[in-house]
Structures are given as C-alpha cells and as structure tokens.
Amino acid sequence: MEENNMTAHYDLVLIGGSAGSIQIILKALQPLLPGNFAVVIVLHRKPSSDSTLIDIFGGKTALRVKEADEKERIQPATVYIAPADYHLLIEKDGSFSLDDSEKVNFSRPSIDITFESAAEVYGSAAVAILLSGASIDGIEGLQKIKTRGGLCIVQDPDTAEVDFLPRQALLSIRPDHIARPDEIGRILNGLNRKPA
Amino acid sequence: MQQQNIRDEEVELLLNDLIEIYGYDFTGYSGASIKRRISRLVLLDKFPSFAELRYRLISDKNYLARFIEEITVNVTEMFRDPSFYRTLREDVLPVLATHPFIRIWHAGCSTGEEVISMAILLQEANILHKSRLYATDINPLALQKARTGIYPLSLMKQFSENYIQSGGKKTFSDYYTAKYSLAKFDDSLKENITLSTHNLVSDWSFNEFQLIVCRNVLIYFNKELQDKALNLFDHSLERFGYLALGSKEQVKFSSIGHKYIQLNNKERIWKKIT
Ligand SMILES: C[S@@+](CC[C@H](N)C(=O)[O-])C[C@H]1O[C@@H](n2cnc3c(N)ncnc32)[C@H](O)[C@@H]1O
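Protein chains in written order, with this note's numbering: chain A, 1 to 196; chain B, 1001 to 1274.
Same shape as in the complex, but just chain A:
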C-alpha cells in the first residue's frame, strides 16, 4: 500500500486466473473507465472457447475487448484476451507475441509466462492480479512483477471459488492489496491517471 504513491502510473493491468475467475473478471471490468492502461487477461480454459470469452466480456465494459493478436501493439483502454493454446508474451516494443511451446504448470496459456515477460518490459508500470484457481501457475510471475516494482493484487481467498491459487500466492508474496471481487474495479479505477 505504501508503494502505491500518488506519482506512480500504470500502463498495463494483467489478470490471471483459472477455474471460477470469469465472474470475478466481469465484476472487475464492469466499473472500469477507459483510461491510460490496457488490460491483459490470461485464463486457463479448454481450447476452442476463445470467441465465447470475447462474447462474455465484450459489451460488459466501456473498454474495447479483443483477442491478443501476434505482433499487435498494445493500446490503452483495451482488454486483450490471451488466445487458447498459445502462450502470450510481451515484447520490448510493447507488442504481443505468441508461442506454442510446451505447457508450463500444465497450462497454455501460462499466467507465469505472460506475467514474467510483462514484468521485464513494464517494470513498475505493471499491475498484476491473481484470482481464483486450482494450480500454482501465476505465482512465480507475480513474484517477478513484485521484484520489478509493479503493483500486486491477490483475490481474497475467502471470496474465491477455488482458493488454492490465492492461498498459495499469499504464502510467498505480500501483495499490495488482498481484494474482494467488488473492490478490484475500484482499485483499478483509482490507478488511472487523472486528466491534467
């Protein structure tokens, strides 16, 4: 909470989760005002459910929602969804790349991979949120975000449908916020730079 001072600014918000995260993400996106950051969602799920996720989130938020295309430049006020069955990485020039290498923590997309590459590029301008989930994927990535000075949020395990991931995360990381679902959107809106 101390790190989150008035001058910090954020360009990228990362959200990772698996089982039981969709409702939480909807709740977090609903109150979001289009601002200066982009949102990247990495969700464990069965392949072939891409368009459904875009349908689920699209229109439920004031931000544009789309699948992350390879080599696409990240734009503010946009929600990007990591496509099923590819890892999503972030390049130094702020564009996405996709990679179909081996699964990590039994997952592709892996939350760790996206969080780690975002930490390298965005450093203290990154925000990472870990939600409900049944694996440990995301914890190393969250650590990397923390080490590089980014803002870390973990869903309050008592409110998680599957509390394994947030509980495990809290064993090794002290996040800036432990948030209930209805708090996440408010925290994010607070991070948007006020117009000058």
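Treat the hints as calculated values from the structure; they're not laboratory data. A hint or two may mislead.
[As the list claims (entries may be wrong)] Derived coverage of chain A by chain B (criterion: at least 3 residues anywhere in the stretch with Cβ under 8 Å from a Cβ of chain B; other residues may be distant):
no., stretch
1, 62-76
2, 80-90
3, 93-101
Remember, predicted model here, so these are calculated numbers, not experimental data. Every residue gets a Cβ at the ideal spot worked out from N, C-alpha and C, and that includes glycine.
Here the structure of chain A is known, so what remains is to put chain B with the ligand in place on it, guided by the hints.
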C-alpha cells in the same frame, strides 16, 4: 521451473556468435520468446550460468544441433486444428486433384506429424500417388524423428480424435502398426515425402508448388522476417496456388497481402490470385 535471468545484451552476444561462427541468424526472431528458450536451455542442460552455455556453443560445434533443437519450438500433432484439415479435404484437395501432378511444401514440418496427416488426406482422396510432399525444417534432429515415422503410442488417442474431427472416415489405427509403446506409420504414406533441412531465414526457393503449408512458424519471427518468409512463399507458389498458415498467423497485413484472398473467414488458408 525457475528461469534464469538473462540480460538482453547477453542474448545479443550469443546470437552474434551464432551468425559469425555457424551462419545461423536468429536475430529476426521474436525477442521475448527466444530469450525464454535460452534461459530454459541453461536450466535444462544444467549450465551454472549463461556464460557457460555461451562458451559451450562457441567451442563445441557438436553442441550446435542440440542448441537448434531446444531453441526452436517443435511442438506439433497430427491433424492439429481438425477444422483446418476438414477445409483442406473439402475445399482444397478437390482443386488440387485436377492437376496431373501435385507439389506440396511443408515449411517448418518439425517431427513430421503434419506432413503424415497430409499424406493420409491425399491417400483418402486417391491422389497421393501423383503427389510429392517436400517437408523441411531448420532443425535436423526433428527431421531425423520425422524420417522414422515412429511416434509414442500414447499420442494416438489424441491424433485419432483429431482425425475423426477432421472428417476422417477410416479406422485411424489402420495407418500404423503398434509395437510395445510405439506406433509406426505405414511406409506407403512416406514414399512420396522428401525430408530436408531448409532455413527460412537464409535459404531461397527450390521449386514451385500448388500448396504451401507453414503453420506456427511465423509466430516466432518479427514482422520483417515474417514478410521475408511470406515473399519466399509467394515466389514459390503457382498462380491460384494455396498458402496455409497457423491459426493465429496472417497474410493480410504483409507486403504480399494484396495478391491473396482468404478461402473462408475461419481457416487461415489463402489463394493466390495474381
Ligand atoms: C511449433 S513447430 C510447428 C510444427 C507444425 N508446422 C505444426 O504447426 O504443428 C515450428 C517449427 O518451425 C521450425 N523453424 C523455426 N525456425 C525456422 C526456420 N528459420 N526455418 C525453417 N524452420 C524453422 C522449428 O524447428 C519447428 O520445427
């Protein structure tokens, strides 16, 4: 698996060594991915640090093949994205069948699952006998595996499901012989396949084709290198030939985009129109 922290400058050094010593140029690859592969290799081959990996690569030319094998991503499966193969069956092969002789190029064929899938499609369409399939990859060790046509039996369940979803009507297990934990694909499928190394970065066109398949290779390249590879394909493709890419890859925004129309808006298959 905890990744080692490697700096961008170190990656750059290593990639320059590769060019100078071995003539392999990976500088046009997507940076984040290649960096991850290098960190992974440091761990995998138990180098104490990046410096030892670099030293090994510089001083031991036998390590090069291992390096290429692990730096490239060779993940593949038979009938990957079944709906893609269904479109080939229904919309592309009937047109190819009208040619007296069919030439197909699989660029980045990895361990061969993709090209064997194609041979099965061609056989089922009764045109395998008049087809030649050129399957190439930068990775010699992957090609060695492709050459055997032998895969773990444990993968057959997935491959067979994909096959059925792609519109396959036969019994998939008729295409291979199971022995212990391995499945060996029928030699008749391999007769018309030519396997060889070919580097999309540095090697040029070697024939003219009616169909070029290059899936999940361009995602590893930056925009410039993608464009270069697409130009190579364009150069190697007959007029009215087909170009098939991976499910996240695009022709549209490249310098050859205006010469191609997409077959349908779901599958990444384009027809060359001029
Ligand atoms: C992920 S595999 C794709 C295999 C198959 N086409 C598929 O989609 O399932 C990518 C392949 O591209 C090959 N590759 C990478 N760089 C290459 C290059 N410069 N020239 C030729 N092949 C390359 C790799 O060795 C690897 O086998």
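Query raised in the report: Okay, the stretch 93-101 of chain A and chain B, do three or more residues pass the C-beta test at under 8 Å?
Result: Our answer is that it holds, as 5 residues pass the Cβ test (under 8 Å) against chain B, meeting three.
Worksheet entry | Within 8 Å of chain B (C-beta), three or more residues of the stretch 62-76 of chain A | holds (count 3)
* **8 Å C-beta criterion, at least three residues: is the stretch 80-90 of chain A covered by chain B** => holds (count 4)
Against the hints set out earlier in the document, no violation occurs for any number.
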